[in-house]
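Given the sequences, and given the hints that come with them, work out the whole structure.
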Amino acid sequence: METGSVKDVAGLFKSLDGFAIFEIAVIFALALAVVWLTQRVLPWVAAHLHGKRRLYILAMVPMIRIVVLVIALVMIIPRIIEPTLQNMVATLGAAGLAIGFALKDYVSSLIAGVVAIHEMPYRPGDWIEVDGSYGEVTHIGMRTVELVTNDDTVIWVPHLKLWDNLIHNANNGGPSLMCIAEFYTQPEADAYQIRDALEEVALTSPYLQLGKPIAVTAAEQPWGTKYRLKAYPIDPRQQFQFITDMTARGKKRLMELDVRFAKIESDEAYQLTH
Amino acid sequence: MAEEPEKTWQWVTVDDYEKPAVPTTIKIKKWWKKFVRWVTPEQEHEGEEEQSQVLELSFDTAAETLDDCFSDWLNDDDDNSLRWIIAPPHSGVEEAVQKWAEKHSLAEVSLPDRESLCDPDDSPMPEFSPKSDDNNPWIMPQLAHSFLRQTNGLRWVREFFSQVLSGEAGKGVIVCDSWAWAFLEKVWPVPVNQLWTLQGLDQNALERLGLARGDGRLRALAALSRGNAGVAAAYSDRYQRGSEKAFDTPALPSEINDATAFVCYALLLHRGMTKTQLVQALPIVSGSQLEIQLQVLKQRALIELEQELWYVTARGYPVVRDLLMSRGFWLDRF
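Each protein sequence line maps, in turn, to chains A and B.
120 is the number that the numbering used here gives to position 120 of the first sequence; each next residue is one higher, with no gaps.
211 is the number that the numbering used here gives to position 211 of the second sequence; each next residue is one higher, with no gaps.
Keep in mind that the hints were calculated from the coordinates and are not lab data.
Treat each hint with caution, since some may be false.
Just the calculated beta-carbon pair ranges, DEER-fashion [claimed, not checked]:
#: 1; chain 1: A; residue 1: 153; chain 2: B; residue 2: 331; range: 29 to 37 Å
#: 2; chain 1: B; residue 1: 331; chain 2: A; residue 2: 264; range: 42 to 50 Å
#: 3; chain 1: B; residue 1: 295; chain 2: A; residue 2: 220; range: 28 to 36 Å
#: 4; chain 1: B; residue 1: 255; chain 2: A; residue 2: 247; range: 23 to 31 Å
#: 5; chain 1: A; residue 1: 184; chain 2: B; residue 2: 288; range: 30 to 38 Å
#: 6; chain 1: B; residue 1: 163; chain 2: A; residue 2: 132; range: 30 to 38 Å
#: 7; chain 1: B; residue 1: 105; chain 2: A; residue 2: 247; range: 19 to 27 Å
#: 8; chain 1: A; residue 1: 187; chain 2: B; residue 2: 189; range: 38 to 46 Å
#: 9; chain 1: B; residue 1: 31; chain 2: A; residue 2: 92; range: 29 to 37 Å
#: 10; chain 1: A; residue 1: 187; chain 2: B; residue 2: 102; range: 55 to 63 Å
#: 11; chain 1: A; residue 1: 187; chain 2: B; residue 2: 325; range: 19 to 27 Å
Stretch by stretch, here's where chain A covers chain B in the computed footprint (C-beta under 8 Å, at least three residues) [said to hold, decoys possible]:
#: 12; region: 88-102
#: 13; region: 148-161
#: 14; region: 182-193
We put the beta carbon where it would ideally sit given N, CA and C, even for glycine.
In C-alpha cells:
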C-alpha cells in the first residue's frame with residue numbers, strides 16, 4: 001500500500017534528464033530577463049514622456065510581467081508534471097494545503113497583486129491614498145505596491161490591503177487630478193467677489209489644465225467662511241506646486257481686494273480642535 | 001476653358017484650414033531623431049547659437065487676395081458684423097492684414113500698455129474706442145498684445161469682448177495669434193462666426209514660392225513647417241545655402257523642467273513679452289531661474305530678443321510646439 005502511494009506521487013512527475021533541466025533553466029532565465037528589462041526600460045521611456053502616454057507606458061510594466069510569468073509557467077509545468085487532470089488536481093491540492101497553512105498572507109498578497117493588475121484600482125503613475133499614506137504609485141510588484149510621497153519617502157503597501165481597505169485614487173489612470181486650494185476669510189466678505197477673484201487666480205496659473213473646469217465653493221465655519229478653489233494641473237506630478245501657486249497668488253489677490261482673513265486666537269483654536 | 005491657376009495665398013475659414021500631410025517616413029525620421037537625442041543628448045548642439053538669416057517673404061499678394069473674401073462685407077454699410085483672423089506665429093498673416101487695412105484706411109485700435117493692465121483695480125483702465133466719427137471699420141492689430149496672463153491682466157480683453165460682441169463697437173477686423181486665441185476661447189467662451197486664416201502652404205505652394213526644390217524636400221518642408229510660411233522660409237534658407245542638414249531643428253536644452261515649458265508657452269501665448277512681463281506672468285518661477293531659462297533657450301536659438309520683446313524663433317517654433325504638446329499644454333489648432 002505504502003509503496004503504491006509513493007509510486008503514485010512519483011508518477012506525477014516526469015523523470016528530468018539533463019536537457020529538460022537545461023530547457024527549464026533557459027525558460028526561467030528568459031522570463032526573468034524580459035521582466036527585468038521591461039521593469040527598467042519602460043519606466044525610463046515613461047520618464048521622458050508626459051500625460052496619457054506616460055501613464056500608458058507605466059501601466060504596461062505589471063501587465064507584461066504577469067503575461068511573461070504565466071507563459072513561462074505554462075511552458076515549465078508540462079516539462080515537470082505529466083499534464084493529466086488527475087495529476088494537476090493532486091499537485092494543486094497539495095500546493096493549496098501548504099499555502100493555506102504556511103504562506104497564507106504572502107500568497108494572498110500575490111493573488112491580490114494579480115487582481116490589482118486585472119481590476120486596476122491603481123496603476124503606476126496614479127496618486128493613491130491607502131491607510132492614510134498618500135503618494136504616487138511608482139512600481140507594482142508581485143507582493144507590494146510602491147508609493148513615493150511628496151516628501152520623497154518610499155512606502156511599500158502589500159496588495160493584501162486591496163481586500164479590506166479603502167483605496168482613494170486621485171487620478172484613476174488619467175492625467176486629470178483635481179487640486180484644492182483653501183482660503184479662510186471673515187464672514188462679512190463679499191462671497192461673489194471672492195469667487196470671481198479666485199477663479200481668475202486659477203485661470204491665470206501656468207500649471208492649469210485649460211480643458212478642465214474651475215470651481216469655487218464656499219461654506220460657513222465657526223471662525224468665518226471657507227473657500228475651496230478647485231482646478232486641475234496639466235500633470236498630476238505638479239499638484240503641490242499648483243496648489244502653492246494658487247494659494248500664494250490667491251492670498252495676494254484677496255489682500256488687494258481688502259478681504260480680511262479669518263484668524264482665531266490660539267485658545268479658541270484649541271477648543272475647536274479638541 | 002483654361003483652368004484657373006492654383007493660388008499660393010488662399011484665405012479660408014478656420015474650419016476649412018488643412019495642414020499638409022506628414023508622410024510616414026518623415027514621422028519615423030522624427031521619432032528616430034528624438035530617440036538619438038535622448039540617448040546622446042550632448043552631441044548635437046554645434047553652431048546652434050548662429051542665427052541664420054531668414055528668407056523675407058512678401059505678403060502683398062496675400063493682402064490683395066483678402067479683398068476677394070472681405071470686399072463685399074467691407075462695402076456693405078448695413079453689415080456691422082465682425083471678422084476674426086486667427087493665425088499661428090510667423091505665418092505672415094499679421095503683415096498681410098496690416099497691408100490690407102492700410103489700403104482701406106481702417107482705423108487702428110490702440111492697444112493698452114501691458115504693464116498698466118496689472119495696476120490695482122481702482123486705477124482707470126485704458127479705454128477701448130475703436131469707432132471713428134465717420135463710422136469706418138476698425139482693426140485690432142493683435143489681440144494677443146492686449147492681455148497678460150496674470151490675476152489682474154485680463155480686464156481689458158474681457159471689456160473688449162463684451163463691447164465688440166454686443167455690437168456696440170460696430171464693424172471691425174480682429175487679428176489674433178492662434179495661441180492667444182486658444183486661451184481666450186476659455187476666458188470668453190462665446191462661439192464667434194467668421195473666423196478666417198491663411199490656408200496652410202502645401203508642397204505646391206512652397207514650390208511656387210521657391211522655398212524648396214524636389215518632391216521629397218518639398219514634402220519634408222511642408223510637414224516640418226505645418227504649412228506655416230515663416231517657418232518654411234526659415235528652413236528654406238539653409239537649404240538654399242546647400243547645407244546637408246537643411247531640416248535639422250534646434251535641439252532642446254538637456255535639462256528641461258516646468259520653468260522651461262512655462263517660459264516657452266508664455267512667449268507664444270502673449271506673442272512676445274518683455275522680461276518684466278514674464279516676471280509678472282510667472283511669479284512661481286524665481287527671477288534668477290527665469291533669467292537662466294531665457295539664456296539657455298536663446299543659446300539653443302529657440303527664442304530671440306527683438307526690441308525688448310522675447311519671441312520664439314521661426315526655426316525654434318516646431319521644436320517648441322512639440323515640447324508643449326508632449327507636456328500636455330493647451331495647443332493652438334494649427
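Each hint, compared with the structure:
A beta carbon spacing of about 36 Å between residue 153 of chain A and residue 331 of chain B agrees with the range 29 to 37 Å that was offered as a hint. Range check, residue 331 of chain B to residue 264 of chain A: about 46 Å between beta-carbon atoms, so the 42 to 50 Å window is met. Distance hint for residue 295 of chain B and residue 220 of chain A: a CB-CB separation of about 50 Å, inconsistent with the stated range 28 to 36 Å. Checked against the given bound of 23 to 31 Å, the beta carbons of residue 255 of chain B and residue 247 of chain A, roughly 27 Å apart, stay inside it.
Checked against the given bound of 30 to 38 Å, the beta carbons of residue 184 of chain A and residue 288 of chain B, roughly 33 Å apart, stay inside it. Taking 30 to 38 Å as the suggested C-beta distance range, the pair residue 163 of chain B and residue 132 of chain A does not conform, at roughly 53 Å. Between residue 105 of chain B and residue 247 of chain A the C-beta distance comes to about 51 Å, which lies outside the given range of 19 to 27 Å. Between residue 187 of chain A and residue 189 of chain B the CB atoms are about 32 Å apart, so this pair departs from the stated range of 38 to 46 Å.
Our hint of 29 to 37 Å for residue 31 of chain B and residue 92 of chain A is violated, since their Cβ atoms are close to 47 Å apart. Between residue 187 of chain A and residue 102 of chain B the C-beta distance comes to about 57 Å, which sits within the given range of 55 to 63 Å. For residue 187 of chain A and residue 325 of chain B, the hinted distance range of 19 to 27 Å is not satisfied, since their beta carbons lie about 46 Å from each other. Coverage of the region 88-102 of chain B by chain A is violated in this model, with 0 residues showing a Cβ closer than 8 Å to a Cβ of that chain against a need of three.
Note: the region 148-161 of chain B has 6 residues with beta-carbon separation from chain A under 8 Å; the three-residue rule is met and the coverage holds. Here the region 182-193 of chain B counts 4 residues with a CB under 8 Å from a CB of chain A, which clears the bar of 3, and the coverage holds.
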